[in-house]
Amino acid sequence: MDEDLNEIREPGHVRVGAVLGVGLGTILFLAATLGLLPVYIRWMAVPPNAPPQPERFPPPRLEADPTAELRALRAEQAAQLEGYAWVDRERGLLRIPVARAMEILAARGQAAYAPLEAPSP
Amino acid sequence: MRPWAALAAATLALLGCRQEMTRQRRLNTFSATTIWRDGTTARPLPEGVVARGDLARDAIAATPPPVDAALLARGQERYAITCLPCHGAAGDGDGMIVRRGFPRPPSYHNAELLAAPARHLYDVISQGHGVMFSYASRVAPSDRWAITAYVRALQLSRHATLADAPEAAERLP
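Protein chains in written order, with the working numbering: chain Y, 21 to 141; chain F, 6 to 178.
Excised from the complex, chain Y in its bound form:
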C-alpha cells in the first residue's frame, strides 16, 4: 500500500495561542458590551426597561344615565322659572315667576308684543 506523500495531514499539535485568543477575546467583547451598554442607552435616551405604568385617560364623553341627567336638567331649569329676586337693583329690574309674567302680559293686551327695551343706537 503506497503512501501518498502529498497528502495534507492534520498538524500534530494544537495552536494554543489561537484558541486562548478566541476565548479571551469573546470574554473581553462581552465585558466591553455590558460595560458600554448603559452609556449607549443613556446616549440614545432609551427609557429604562421598566414595566409599563398604568396611566389615567379621560373618561368617555358619554351620558351614562340619560334619564337621570335629563331629570336633573329639568329640575334645575324649572327652578329658574320660579321665585323673586333682584336682577339689577340700580335700574329697578326684578326676576319674577314666569307664571306671574304671563299674567302681567295677558293684562297688557296688544302692548304685550312690544319690546321691553328701546333699541340701542
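Please note: incorrect hints may appear among the correct ones.
[Claimed, not checked] Have a look at the derived ranges for each label pair, beta carbon to beta carbon:
| id | chain 1 | residue 1 | chain 2 | residue 2 | range |
| --- | --- | --- | --- | --- | --- |
| 1 | F | Arg105 | Y | Ala131 | 30 to 40 Å |
| 2 | Y | Ala131 | F | Ser147 | 11 to 21 Å |
| 3 | Y | Ala119 | F | Asn115 | 45 to 55 Å |
| 4 | Y | Ile124 | F | Pro51 | 43 to 53 Å |
| 5 | Y | Arg81 | F | Asp73 | 40 to 50 Å |
| 6 | Y | Glu75 | F | Ser147 | 16 to 26 Å |
| 7 | Y | Ala131 | F | Thr39 | 50 to 60 Å |
| 8 | Y | Arg109 | F | Arg104 | 30 to 40 Å |
In case anyone wonders, no lab produced these hints; they're calculated from the structure. All C-beta atoms, glycine included, are put in the ideal place defined by N, C-alpha and C.
For this one, chain Y is given, so just place chain F on it according to the hints.
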C-alpha cells in the same frame, strides 16, 4: 327528442324578450336636460302660484292675535315642545341639545333680543336664523305668535319692575 325541442324553444323565446317596460325614455329626478332653459328637470312653481291656505296663513302672519291667558298658555306648551330643547326652559340657551354639542343660541335676555320687535321673533321661527333652521313646517302661524308672546313673558320674568309686580316688594330679600 320532444323535451329537448321544448327546452330549445323556451330558451329562444327568453332570448327574444326585451325589458321595454323598465327602460323608458324619461328624465330622472335632478338630472340635467336641455328641454327647459334653466337646464334642470326640477320645475319651479310658476310665477304667481298660491298654495292652498297661503292667503289665510299670510293674514295670520300680518296681524298678531290679541295676547290673553289662553294664547300664552298655548305658547308655553308649544315653546316647551319646539324650542326648549335648545333654548332652555328660561331662554338662557342652555338646553339639552346644546349640552350635547349643538352651537349655543343667544340668551333671550340679552339687550339685543329685549329690544327686538315681535316681528323679528316671528320671522326667526318662520325663516330660521344663522345655524337655527326654519320651523315654518313644524309651527303653524298662529302658534308662532303664541310662542312669540311666551318668549316676551320669559323676557319679562327677568326684566320686571316693582310697578309691574307690586307683590314682589314683600318677597324680595
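Okay, the hints, checked on the actual structure:
1. F:Arg105 - Y:Ala131: 30 to 40 Å: 38 Å, holds
2. Y:Ala131 - F:Ser147: 11 to 21 Å: Holds, at about 20 Å.
3. Y:Ala119 - F:Asn115: 45 to 55 Å: 23 Å, violated
4. Y:Ile124 - F:Pro51: 43 to 53 Å: 49 Å Cβ-Cβ, so the 43 to 53 Å window holds.
5. Y:Arg81 - F:Asp73: 40 to 50 Å: 45 Å, holds
6. Y:Glu75 - F:Ser147: 16 to 26 Å: Once the Cβ atoms are compared, 59 Å apart, the range 16 to 26 Å for Ser147 of chain F and Glu75 of chain Y is violated.
7. Y:Ala131 - F:Thr39: 50 to 60 Å: Between Ala131 of chain Y and Thr39 of chain F, where Cβ atoms are some 58 Å apart, the hint holds.
8. Y:Arg109 - F:Arg104: 30 to 40 Å: 32 Å, holds
Checked against the numbered hints above, the structure violates hints 3 and 6; every other hint is satisfied.
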